[in-house]
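Residue 1 is where the sequence shown starts when you use the working numbering, and the numbers rise one by one after that.
You may find that some hints are simply not true.
[Claimed, not checked] The calculated lysine to aspartate or glutamate pairs, modelled on EDC-like cross-linking and capped at a C-alpha distance of 16 Å, are:
#1 K66 / E19
#2 K66 / E38
#3 K80 / E62
[Stated by the list, open to error] Per label pair, the in silico range of CB-to-CB distance:
#4 T83 / R31: 47 to 53 Å
#5 D47 / Q27: 35 to 41 Å
#6 P84 / R10: 43 to 49 Å
#7 T70 / H41: 25 to 31 Å
#8 P84 / P39: 36 to 42 Å
#9 A33 / A13: 48 to 54 Å
#10 E38 / L71: 19 to 25 Å
#11 S61 / R7: 15 to 21 Å
#12 V17 / T83: 16 to 22 Å
#13 R10 / C32: 42 to 48 Å
#14 K82 / E48: 22 to 28 Å
#15 E40 / R9: 20 to 26 Å
These aren't lab readings, by the way, just hints derived from the structure by calculation.
We treat Cβ as the ideally placed atom computed from N, Cα and C, and that holds for glycine.
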Amino acid sequence: MAKQKSRRRREVAEPTVFEQARDELFQHIMRCAVIGAEPEHQVEWFDETMKYLGDRYHELSEGELKDLRTLGERFAAPPKAKTPEVDAASAA
1 MAKQKSRRRR EVAEPTVFEQ ARDELFQHIM RCAVIGAEPE HQVEWFDETM
51 KYLGDRYHEL SEGELKDLRT LGERFAAPPK AKTPEVDAAS AA
């Protein structure tokens, strides 16, 4: 007699409003070429975009909007260059 496989339905959690806004912000950053833009242009772009996201996602608190901006600014920042580690033995 063959065993029947039980089919479990996995519940898929709906993304939170914050997660939706974060994902939209990241998509806008990539589409609008914010990465690599001049710092003053990035500040202006983030000011305008955060106003838009605040209107679009009115459920978000001021703190959450600040957190979103921080995440977006980090996402748009150029990668930090790695500094080569100096081997103590070779430096002597």
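Verification of the hints:
1. K66 / E19: holds, 14 Å
2. K66 / E38: Judged against 16 Å, a Cα distance of about 21 Å means the pair is violated.
3. K80 / E62: violated, 29 Å
4. T83 / R31: 47 to 53 Å: Distance hint for T83, R31 is violated at roughly 33 Å.
5. D47 / Q27: 35 to 41 Å: Violated - the Cβ-Cβ distance for D47 and Q27, about 18 Å, lies outside 35 to 41 Å.
6. P84 / R10: 43 to 49 Å: About 46 Å separates the Cβ atoms of P84 and R10, which means 43 to 49 Å holds.
7. T70 / H41: 25 to 31 Å: Given about 18 Å between the Cβ atoms, the range is violated.
8. P84 / P39: 36 to 42 Å: The hinted range 36 to 42 Å is violated for P84 and P39, with Cβ atoms some 27 Å apart.
9. A33 / A13: 48 to 54 Å: violated, 32 Å
10. E38 / L71: 19 to 25 Å: holds, 21 Å
11. S61 / R7: 15 to 21 Å: Distance hint for S61, R7 is violated at roughly 40 Å.
12. V17 / T83: 16 to 22 Å: About 40 Å separates the Cβ atoms of V17 and T83, which means 16 to 22 Å is violated.
13. R10 / C32: 42 to 48 Å: violated, 35 Å
14. K82 / E48: 22 to 28 Å: Check failed, 33 Å falls outside 22 to 28 Å.
15. E40 / R9: 20 to 26 Å: Distance hint for E40, R9 is violated at roughly 51 Å.
Hint compliance for this structure: hints 2, 3, 4, 5, 7, 8, 9, 11, 12, 13, 14 and 15 are not met, and every other hint is.
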